[in-house]
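Asker: Those sequence lines, one after another, are chains A and B. The opening residue of the first sequence carries number 1 in my numbering; numbering runs sequentially from there. The opening residue of the second sequence carries number 1001 in my numbering; numbering runs sequentially from there.
Heads up, a few of these hints could be off.
Said to hold, decoys possible - Cβ-to-Cβ under 7 Å is the rule here; a few derived chain A residues that face chain B:
#	residue
1	Q816
2	T817
3	A824
4	I827
What the hints contain is simulated information worked out from the structure, not anything from laboratory work. Every residue, glycine too, gets a C-beta built ideally from N, C-alpha and C.
If you want the building blocks of each chain, they are given just below.
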Amino acid sequence: MLNLVQMVPLVVFIPAIGAIINLFWGAKLGVKGSGYVASGAAILTFIISVLLYSYLTANHGIAQVVDPLPFFDGWIRIDAVDFAVHIPWQFRVDSLTVVMLLVVTGVGSLIHIYSIGYISHDPKYGLFFAYLNMFLGFMLILVTSNNFLMMFVGWEGVGVMSFLLIGFWWDKKGEIGWQNGNAARKAMILNRIGDFGILMAIFLMFWTFGTVTYYDAGEVANTCFQLEGAGYTLPTECESEGHGEEASGEETEAASVEEGEAEHAETGSAAEEEHATGEEGEAEHGLVLSEEELDNSLFYPSQLGVFAQAERLLNLEDGEEIAWDADGNMRGRDVQLGTWTLDIKTVVTMIVLFLLLGAAGKSAQFPLLVWLPDAMAGPTPVSALMHAATMVTAGVYLLVRSNVLIDGAPEAQFIIAMVGAITALFGGIAAVGQWDIKRVLAFSTISQLGFMVAAIGVGGYVAAIFHLATHAVFKALLFLGSGSVIHGVEHGQHHVHEYGRGHDADDEHHDDEFDPQDMRNMGGLSRRMPVTYITYLMGMLALSGIPIFAGFWSKDEILAHAYERLSTGNTLESLGGIIVLATLLLAAGFTAFYMWRQMEMVFFGKARSKAASHAPESVGWMVIPLLILAIGSIFVGFINVPSGVGLSWLFPLHNFTNFLESSIPSITIEGAGGFIWLLAIVATGLAVGAIFLARSLYGHGKAIVAHDSDALGVDPLWNMGGMTRMLWSAASHRLYLDDLYHAVFLYPYERIGYFLAVVLDWRFFHDYFHNNVIHRGFNAIGTILKNPVDIGLIDGTVNGVGKLINWFSGRTRRIQTGFVRTYAIAILFGVVVVIILMVAPVFMNGS
Amino acid sequence: MTSVGIEAFVALSMILFIIGAMGVLLRRNAIIIFMSVELMLNATNLALAAFSRQWGNLDGQIFTFFIITVAAAEVAVGLALIVAIFRNKQSINVDDLHQMEG
């Protein structure tokens, strides 16, 4: 039987093949063909994700580790005598992965389809679709990996794709091209800071645990959940954990959940009996594993992945040691880091903080968030796909994946909560001061990512992933809607130029001055673009947290988690809870405010430019994804209906939490948070109040106030003067964070760069060092070599030998006189000598 | 018939040879040098013939014939050279022929 889970490598290979096709033959395929290939690849991955989801639900959410090919097993393998590094290229299919797969491929597919319409007028469409597919492949590597290093491959891959796509229009003429390139570089550089954190976390993990794997094959992440699901008696620690954080109030609902669980347990135990009769592997109810297989007791701790190892070490008493590996080595809490010996908790805290740094880079959290608004320089589908729905949520995914570590480091968790809360408020405030339609959404994304990180900071891992999923849907919708608006205004501008004044050579020039993304050039588009308007409204309501819409449920779950933290009795947790609660409520109010401000500026009132008054509705390719996402924005929140709202007859309660529990050990159903009416009413009241406030300020055609200081008009808040003007200016300057970075990092950097380049390199090295030291030194050495050495010594020797031979031969040649008699005498003497020599012995012997 | 002793032949041969050698060394006329060389060759022939008779061995006499033959060839070549030199130089004075000096 073909195991469905074995299909998981395809989610990486299919987009890779799509990218290769588009990279090499994209231009030949034409914009439609190219788009079909890319979208087809995305939709295929979505289908595979759905199949994986069905596999997982049929098997109690027992995670599977998939080795794609034996070749990949030795991705990184170093077998030395005293240590071994073995990091295989492994895929992991568990509920968290599948949720991310569904979000990425689902939203990704729609955005691919939308792009066919959006990019059709751009000559680089082949490259664009290739990049989109490559991004999809890398993102899926990121979420399907089974170890931190493979995750890091995807992490860097999406970073590169982000860089390439932000700077996609780097070749635009003049200043705009430069700005696009700079935005791409900014994203890359700030992400490098985050990547440093990820790398440090990976190094620390490897040093501490000897592995970077999440969970090894055969290992079970959430033992209690799986034991419960299979109907085994629960160990005591599971019981205590289960009842520790019971939600307030709703006894009846909780009971119904318990009942459902009990039923589940019965079927599980039936399957267990079957298993006991000797059947191995898959029974009728899917995978059935024995108790030993579920509680990881078949493994030595050293054979486990990072999280299980960390859990065991964190649970040890001071000085206690447990058997660690097959060689009988023992291990306690101490971790040796060079000359320091650190407690495991300190090390885990460090790891979590480094991971937070990485997440802050990728997910645009507080200190590193400045790149995301600039990233809007890319094409709008890119902003929707990467900088709103998927890539920027990678940091949230990473933190949720590391939930075991975060639970072991409460101080780090508090910092996570603070970072998230600050980011949420920061984004909310800054969004009020933006003119660019996409920048408003960018700051909104930052704010919502802050919500997710804050949720992790208060232990709401499921709430974070839930908000990630709903946010992916409605923020993608908003971005695609804004893309539709920008597209419409651009077309309106072309229309005005073509029919208003005819073809001029100056047209191009005028196009550059007109900014189709500036909301001051819009207005009244609800009549020109009705579908875009309706869908945008849905997305806006979902984002603002109006009841029934998706954002309401997920935002409320985050707030509920923060609220529950107040009653845990732990000072740090309570403090984190109250800060997060207060900040997020405020941020939620800002969310509704800036979103309605945007609605008023873009869709209501009168058209403020000729382009806006001629803007056409977008083509079907763009509108259909908008409609699908709008429907999603309304209904996707029902995947995790909390107990206590009286919807249990319609939707299963805590469905999403149930599903995720198998891969997130730190949560239980009881801790999932019931519905808190008071909180929901306060949050909704804030949102509605903010909308009415925004309507009174911006509505009735007062969205933009004419003023001498700006030809395009000013914001009513600015026009009020005084304190409000100051606050609005701060918001419009992004709360001066960019300026701060410019003053603290960029300016000194430029000064140092100037010093190094002009003073040190040019003046010192080139002018002084080159001229005086190198040039003169070379000349001096050259002179020495030339005069005494070459001319004196070498020439002298050679010429001397020549002269000697010349002199000698001059003397010896005089022997040859040329006179015959001289030779005759010489011969005579020779003969005489020869005769004497011959005759002499005769005489000597004779005498 | 009285026989003449070997000493007389050797003495005459020596005298002739010395006269020839002196002629080669002292005279400047190429023809005369040439004739002196002939004289030396014939002095040698005389000595060879005398010793041949003395020892009753015909080798010396045969050698004499060889020398006469070679001398005839030598005269032919030598005289041709002298004629060629005379044509070039209008002189057969050997002291004029010192182009080969070093």
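Asker: Evaluate each hint against the coordinates.
Answerer: So, going through the hints one by one against the coordinates:
1. At its closest, the beta carbon of Q816/A sits 3 Å from a beta carbon of chain B; the interface hint therefore holds under the 7 Å criterion.
2. Residue-level restraint check for T817/A holds (minimum Cβ-Cβ distance to chain B is 5 Å; threshold 7 Å).
3. A cut of 7 Å between beta carbons decides the hint on A824/A: the least distance to chain B is about 5 Å, and the hint holds.
4. Look at I827/A: its Cβ only gets to about 10 Å from chain B, farther than 7 Å, so that hint breaks.
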